[in-house]
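One line per chain: the protein sequences are A and B, in this order. Position 148 of the first sequence, counting from 1, maps to 148 under the numbering used here, and the rest follow consecutively. Each number in the numbering used here corresponds to the 1-based position in the second sequence with 158 added.
These are calculated hints, taken from the structure and not from any lab test. Take the hints with a grain of salt, since some may be wrong.
Below 25 Å or equal to it, Euclidean Cα-Cα: the simulated SDA-like pairs (lysine to any residue) are [claimed, not checked]:
id, chain 1, residue 1, chain 2, residue 2
1, A, Lys85, B, Thr376
2, B, Lys382, A, Asp56
3, B, Lys382, A, Asp140
4, B, Lys382, A, Tyr81
5, B, Lys382, A, Pro119
6, B, Lys382, A, Glu117
7, A, Lys60, A, Phe4
8, A, Lys153, B, Thr376
9, B, Lys382, A, Phe4
10, A, Lys60, B, Asn339
11, B, Lys478, B, Ile518
12, A, Lys153, B, Ala392
13, A, Lys60, B, Met282
14, B, Lys349, B, Asn339
15, B, Lys576, B, Glu657
16, A, Lys46, A, Thr63
17, A, Lys60, A, Val9
18, A, Lys153, A, Lys46
19, A, Lys153, B, Pro397
20, A, Lys60, A, Val41
21, B, Lys382, B, Met282
22, A, Lys153, B, Thr386
23, B, Lys382, A, Glu48
24, A, Lys153, B, Gly385
25, A, Lys109, B, Ala392
26, A, Lys109, A, Glu48
Label-pair restraints from in silico Cβ distances [stated by the list, open to error]:
id, chain 1, residue 1, chain 2, residue 2, range
27, A, Ala89, B, Val463, 42 to 48 Å
28, B, Asp537, A, Thr30, 54 to 60 Å
29, B, Leu524, A, His71, 45 to 51 Å
30, A, Glu48, B, Gly394, 38 to 44 Å
Given the structure is predicted, the values throughout are model-derived calculations rather than measurements. Note that the Cβ used here is the ideal one computed from N, Cα and C, for glycine as well.
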Amino acid sequence: MFAFGYALVPLYDLVCEITGYNGRNSATTTVADVSSFEPDVSRTVKVEFVTSVGTDLPWKFWTTSNSIQLHPGEMTTVQFYATNKATEARIGQAIPGVSPTVASKYFRKTECFCFNEQPFEAGQTREMPVTFLVDPALPDDVDTITLSYTFFKAPDKG
Amino acid sequence: MSHAEAHDHHHGPEPGFMRWLKTTNHKDLGALYLMFSLAMFIVGGLMSLVIRAELFTPGMQFVDPQFFNSMTTMHALFMIFGGVMPAFTGLSNYLIPIQLGAPDMALPRINNMGFWILPIAFGMLLSTLFMEGGAPAGGWTLYPPLSMQTGDAMPFLVFSIHLMGISSITGAINVIVTILNLRAPGMDLMKMPLFCWTWLITAFLLIAVMPVLAGAVTMLLTDKYFGTTFFAAAGGGDPVMFQHIFWFFGHPEVYIMILPAFGVVSQIIPTFARKTLFGYSSMVYATAAIALASVIVWAHHMFAVGLPVAAELFFMFAAKMISVPTGVKVFNWVATMWRGSMTFETPMLFSLGFVILFTIGGFSGLMLAMTPVDFQYHDSYFVVAHFHYVLVPGAVFSLFAAVYYWLPKWTGTMYNEKLGKLHFWLSTIFINVLFFPQHFLGLAGMPRRIPDYSLQFAEFNFMSSVGAFAFFITQFIFLYNLITTCRGKWEKATDQVWEGAKGVEWEMLPSPLPYHTFEQQPDLSDYEPHPTH
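Here chain B stands alone, though its shape is the one from the complex (with noise of 0.2 Å):
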């Protein structure tokens, strides 16, 4: 790539502020995403301090109830929209360009223009904490009728979500076009690296779910401002409507938010497992499987607001069908590793407890997916606690994983594989400390977004409170390790970086990355990532 290199000299980026409000640059932009998400992630993890707090101890402490649903609501918002789907849109800004290729994303100015929307996005949303009537708080499914008692935020709040949807789907459309139109000769669909497949499925339920949600939304805001009935049933709407339109964009709104972490992980264990991942076509049509069926199982979130019991029956073995391409992938992750030469530096440590903490998640997703069960489960500290284990150490651990993998390729340096490890194994300690007493205050009936509980609940919300905090300070670990290594602090990364990795971008770009790459894209017509045994 010594053209790249050439090249760099007399094209480098604009200095100054101007270079991040016009770069079109994949990279530019993949950074711009991701240092975003992590400030989302630092706001909402205040947010959810702030629960926390409050439920440290039985009794009224710090804040008024109203206030307290507020944070549920918009811790919710912002990690989901804010944190982690940012994040995987800058991993595939920075990433789908180097792993297919590509000179950069299809779509540079409308990528730019899908970045830039975010922060208008959330400072509207952040603004409605200062606003008459108070932030939203009535939960981030926004149910009505409760949503529509929301003050002078309401119109805020759609908008915002109406701009993030914006913003999903531009990022979506450019993954597409890149992953179809740009691809380097040779480079075919089934050669490309997981995580470039798993994010073009993703794409594809984003442009499928987001306008639903859109839609959705706009019902609330006619329904509170211009006089329509969609939801109230004076008029001849229902309530239960909207949840059922809610959870149609909200159910595989999930699987966008995993399926990338699916495809981060099935790097990452290959590289530190030194043999090419067991099953890659499986992987492909699992991840697939998983997408289609996403869409017809909505209404397993709404098992007791009163269905009938075809339809109970029916969203009860649909939902319980995913876990079998999930089941593949595990395995496939498993098989993997097995007889491989296995080492465990960080990247490979936050993967396998992705895998193992997952699963956790998944299994208590398991137990919600039974209709009579869930009767128990409905809206208590279970399902936050199931949802939190494949968030958290599911999504957000891939996230971390894929930082610490990527990280000395983007800049060049090899960040501090002893802070990286100190990072993972007080994140782990401290997330199940965090959050899994939560099953038992689940199943002995605390319900969810509640400010108050009774006195048999306080041992265990004592311990998820003492997790929580520490989980937060844990992460100025990695605050630490990612600032200085972008300062090149620490040992220079090889180009490779990892010992065997495969992937165009070990095996044929240098460390750091040069700001353009691949301008003349490369025959790969020879190249074979993942042969067959």
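Excised from the complex, chain A in its bound form (with noise of 0.2 Å):
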């Protein structure tokens, strides 16, 4: 049984990722093929921008707009900033969440930031594009699609 406490893990890695259960798929994670979707123009989705960062790292991160009105099917880019205030370079990983749930599965992102690490000089400001779509077989009842996103100290190498 002990054994099994460690199995639940990866168990749980899979339960996230059938579900999309706490905005944690591979959706929300990796580039996404967009070629197929067609803009859906007779509904508007609001999506909003939650930014934070960790308590281990000495950032500041925010985004220009708090939320945005798009049809699903549009392809949106939306620029988010960052600041590192240390004064040597630090690398942040930023981790995305989807909420609702249910949402996650049809969120899909070409360009994000939070697809690799990102290594910043002392005192260095730098725009990140994050490039998205909405997946027009969102379910009718999600009409607000809240992103948010927290830089962490990336974990140690080794």
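With the hints as a guide, bring the two chains together.
Okay, structure coming up:
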């Protein structure tokens, strides 16, 4: 049963992958293939953005718009910005989250700073675009999606 | 049992402290477990008094918030792992061999090791109070990322939990092996007293879930010191996963603490109602059903973390389902008393208090199990009131009942009935003064685990604190009664102790119990413990 405790870890990842629970499935963390989507102009979805920084990273992290309105299937780019306020270089890793949970499977990103670790020089400020669309198959009862990013200190290698 | 008595004369225990350190005798170990748990109840009780003293009036009085949080965390760890669980293990050691006609527990040396691990574990845990960064203060549930802020106490906490887990598992293995292999001839499984049955099922639960807790705290340890990221989002982990793993242990844990209590009460009520237990086999099946269901309901502790709706519904219905077998038990106890010739000696009073007050705790549990309602109650004092009702007038009252019931058999001396009744009535009054107002505090929105609160909560907190101190002081009556009885101050007990008491220990063994019993197992083929009419 001790091993079973550890077996719960991959099991949990699997459940998250299938259900999108906690906004944790591969759709939110990998490059999506969006070639087949047509914009659905009959619907408008509000996408909200939340930015936060973990306590172990002396960064500032923000976006210019708190929310946008878009049509499902319509490709959109939003700019995010971060400043490294530390006096030495730091590497951050952004962790995405999508709420409500059910929407995470319909959120497709072609470009995101969260796909890779982000190295910043001391005092450096950088613009980081996120390009995404919302799958038109999004269930009808979802009219607002919240996309959140938290920047953490990238885990030490080795 | 003249043979056992004769044998006793030349095979008595070794004198001095080494007797206790080296003992493999189930009665010695049972007594050690019970004395240890009494000590831990006192330590944990003192911690709760720090909490209640601070909450006596609004504002910060005695301790700083960090230490207050340490007290809530340590109080829970001491009461759960040091108080309730070792107390039931002690009862299992003392009672299972004599109830089944076995000479001892099946694995006596492991039994000894299992006990002596505990003082080491709790010594380690207690030492964290004096460490840099203080004792663990993130709540007994140890949720990361908060618990990752624990200072030097962290590895001590983790290793002490490992030791407690090992101790519980050795106890559980011993119970299973003893019950399955050492029953006297003719003691069929379905003839066993319910205390043995509930402990057998509890032992399987312990083996199933304690290692999961050990795994969870090991992950915390490696996350903090070895760079793993099981629960750190930056490395792809998820703090919510800890809550799932923890409650996969944590929910069965609450049944580990209450199933043996069901067993105790199921044996005491028939004695004092002078009837056989109503629905013996349904009691056994209900216990097994509760245990099986307990491993699929864990996320009802997590309704507010953002579960998918389907999961919230599943865990709501699964959690509510447990009230069916629990209801079977409560109705069986009531039916046992129905038209019985009841008398109200102290063990019976505590058992009746258990049935009524545990059921109140069960009802507030049903309220908490409703997902939409839980969004308001979550992490409020209502939760505190709920689990204290099932644990204190639940598990702890059953422990009092068990001690009063079996103490004359163990010591050969009848405890003082007047003091016992006084202890019961004062405990029952003050436990309600202590915990009932907490329901109202929770409904009014007071969060748990806070050292200060807004003014509108002042009256109920005042009442609650008065109840806490009065309840604690009341326990000295019990302590006095216990010590004087062990020293033989009161009347001698008869061999059967209680009029018409059924069971191997009452009908076949003398009081006090000789040091060794059943070196030759009795033939119980014709023995009928619960005749069906």
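Consistency of the hints with the structure:
The suggested pairing of Lys85/A with Thr376/B is violated, with an alpha-carbon distance near 35 Å, which exceeds 25 Å. Pair hint Lys382/B plus Asp56/A holds up; C-alpha atoms about 13 Å apart against a cutoff of 25 Å. Of the supplied pair hints, the one linking Lys382/B and Asp140/A is violated, its CA atoms being roughly 43 Å apart against a limit of 25 Å. Of the pairs offered as hints, the one joining Lys382/B and Tyr81/A is violated, with about 30 Å between alpha carbons and a cut-off of 25 Å exceeded.
A distance of roughly 23 Å separates the Cα atoms of Lys382/B and Pro119/A; the hinted pair therefore holds under the 25 Å criterion. Taking the CA atoms of Lys382/B and Glu117/A, the gap is near 21 Å; set against the 25 Å cutoff, the hint holds. With a C-alpha separation of about 40 Å, the suggested pair Lys60/A and Phe4/A falls outside the 25 Å cut-off, and the hint is violated. Distance check on the hinted pair: Lys153/A and Thr376/B sit about 23 Å apart at the alpha-carbon level, within 25 Å; holds.
Distance restraint check for Lys382/B and Phe4/A: the Cα-Cα separation of roughly 21 Å lies within the 25 Å cut-off, and the hinted pair is therefore satisfied. Restraint check: the Cα-Cα separation between Lys60/A and Asn339/B comes to about 66 Å, which exceeds 25 Å; the hinted pair is violated. For the suggested pair Lys478/B and Ile518/B, the alpha carbons sit about 15 Å apart, so the restraint of at most 25 Å is met. Using a Cα cut-off of 25 Å, the hinted pair Lys153/A and Ala392/B holds, with the two alpha carbons roughly 7 Å apart.
A hinted pair counts as satisfied when its Cα atoms are at most 25 Å apart, and Lys60/A with Met282/B does not qualify at roughly 41 Å. Distance check on the hinted pair: Lys349/B and Asn339/B sit about 15 Å apart at the alpha-carbon level, within 25 Å; holds. Distance check on the hinted pair: Lys576/B and Glu657/B sit about 18 Å apart at the alpha-carbon level, within 25 Å; holds. Distance hint between Lys46/A and Thr63/A is fulfilled; the C-alpha atoms sit about 16 Å from each other, no more than 25 Å.
Restraint check for Lys60/A and Val9/A: not satisfied, since their Cα atoms lie roughly 32 Å apart, outside the 25 Å limit. Pair hint Lys153/A plus Lys46/A does not hold up; C-alpha atoms about 30 Å apart against a cutoff of 25 Å. The hinted pair formed by Lys153/A and Pro397/B meets the criterion: a straight-line CA distance of about 16 Å does not exceed 25 Å. A C-alpha spacing of about 36 Å is found between Lys60/A and Val41/A, which places the hinted pair above 25 Å, so the restraint is violated.
For the given pair, Lys382/B sits about 19 Å from Met282/B by alpha-carbon distance, which is consistent with the 25 Å threshold. This hinted pair checks out: Lys153/A and Thr386/B have alpha carbons roughly 14 Å apart, not beyond 25 Å. Annotation: proposed proximity of Lys382/B to Glu48/A is violated, straight-line Cα distance about 33 Å (limit 25 Å). Taking the CA atoms of Lys153/A and Gly385/B, the gap is near 12 Å; set against the 25 Å cutoff, the hint holds.
At most 25 Å may separate the alpha-carbon atoms for a hinted pair to count; Lys109/A and Ala392/B meet this at roughly 19 Å. Restraint check for Lys109/A and Glu48/A: the C-alpha separation of about 15 Å stays at or below 25 Å, so the hint holds. A beta carbon spacing of about 35 Å between Ala89/A and Val463/B contradicts the range 42 to 48 Å that was offered as a hint. In this structure, Asp537/B and Thr30/A break the distance hint of 54 to 60 Å, their C-beta atoms being roughly 35 Å apart.
At roughly 46 Å, the beta carbons of Leu524/B and His71/A sit within the given window of 45 to 51 Å. Range check, Glu48/A to Gly394/B: about 24 Å between beta-carbon atoms, so the 38 to 44 Å window is missed.
Checked against the numbered hints above, the structure breaks hints 1, 3, 4, 7, 10, 13, 17, 18, 20, 23, 27, 28, 30 and satisfies the rest.
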